[in-house]
Amino acid sequence: TQLLEQSPQFLSIQEGENLTVYCNSSSVFSSLQWYRQEPGEGPVLLVTVVTGGEVKKLKRLTFQFGDARKDSSLHITAAQPGDTGLYLCAGVGSNSGYALNFGKGTSLLVTP
Amino acid sequence: DSGVTQTPKHLITATGQRVTLRCSPRSGDLSVYWYQQSLDQGLQFLIQYYNGEERAKGNILERFSAQQFPDLHSELNLSSLELGDSALYFCASSNPTSGANTGELFFGEGSRLTVL
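Order-wise, the sequence lines are chains B and C. Residue numbering for the first sequence follows my numbering, beginning at 1 and increasing consecutively. Residue numbering for the second sequence follows my numbering, beginning at 113 and increasing consecutively.
Take these hints with a grain of salt, some might be off.
[What the hints assert, rightly or not] Where chain B lies over chain C, by a calculated footprint (3+ residues, C-beta under 8 Å):
1) 159-173
2) 219-228
[Claimed, not checked] List time: in silico DMTMM-like cross-link candidates among lysine to aspartate or glutamate, alpha-carbon distance up to 25 Å:
3) C/K169 - B/E5
4) C/K121 - B/E41
5) C/K121 - B/E38
6) B/K56 - C/E216
7) B/K57 - C/D113
8) B/K56 - B/D67
9) B/K56 - B/D83
10) B/K57 - B/D71
11) C/K121 - C/D141
12) C/K169 - C/E216
13) B/K59 - C/D113
14) B/K57 - B/E38
15) B/K70 - C/E216
16) B/K59 - C/E216
17) B/K57 - B/D83
18) B/K70 - C/D152
19) B/K57 - C/E216
Think of the hints as simulated: they come from the structure by calculation, not from any bench. Fair warning: this is a prediction, and the values are worked out from it, not measured in the lab. Note that the Cβ used here is the ideal one computed from N, Cα and C, for glycine as well.
Chain B with its partners taken away, still in its complex shape:
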């Protein structure tokens, strides 16, 4: 199984702070996706990174794919309470056909 390890598991910060969460694996992925899941809902795709070293920005969110395509990071600038949620990284696993394997996620709480 191609494991995706996410850290930290939990993060509680105040509005306006910056944060970075990480997604690491010993396996190489052709692409990685980041999803956000809010309570009572299913995960929603934020971004897909494909090229090693790639950086993508989505408003205050910056996603980076590692040069070796084994890891990724998500940086949030000036976090808002609306950023609260579970952030999941996912990659296509060679052991599961073409289905996505997910990390366990980073649970983020941003308080006003």
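Use these hints to put chain C onto chain B, whose structure you have.
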């Protein structure tokens, strides 16, 4: 709204029982995926169907089975239920070319199963 519909939203049942979870994918999506989410295991891939055919299997127990019907809706059957089967069960759909998942998964809101 992702366009993926799951029923029921909540289900409470007893150990040893059998339940069926239903999923209607987004219009036009050929692939359906089932995932189980629990606090300790995270989001675990169970099984994938593409246009009625089983495409990939993950950590699905032998007590669980699934199928995708000609109208592309899918059902996940869970039998001989145990306390540990209590979890959120998500269905997701996509419309990848030739069945390869290179794109986005669209998730339903999930079915919360509680086994007492």
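Q.
Under the constraints set out in the numbered hints, which ones does this structure not fulfil?
A. none
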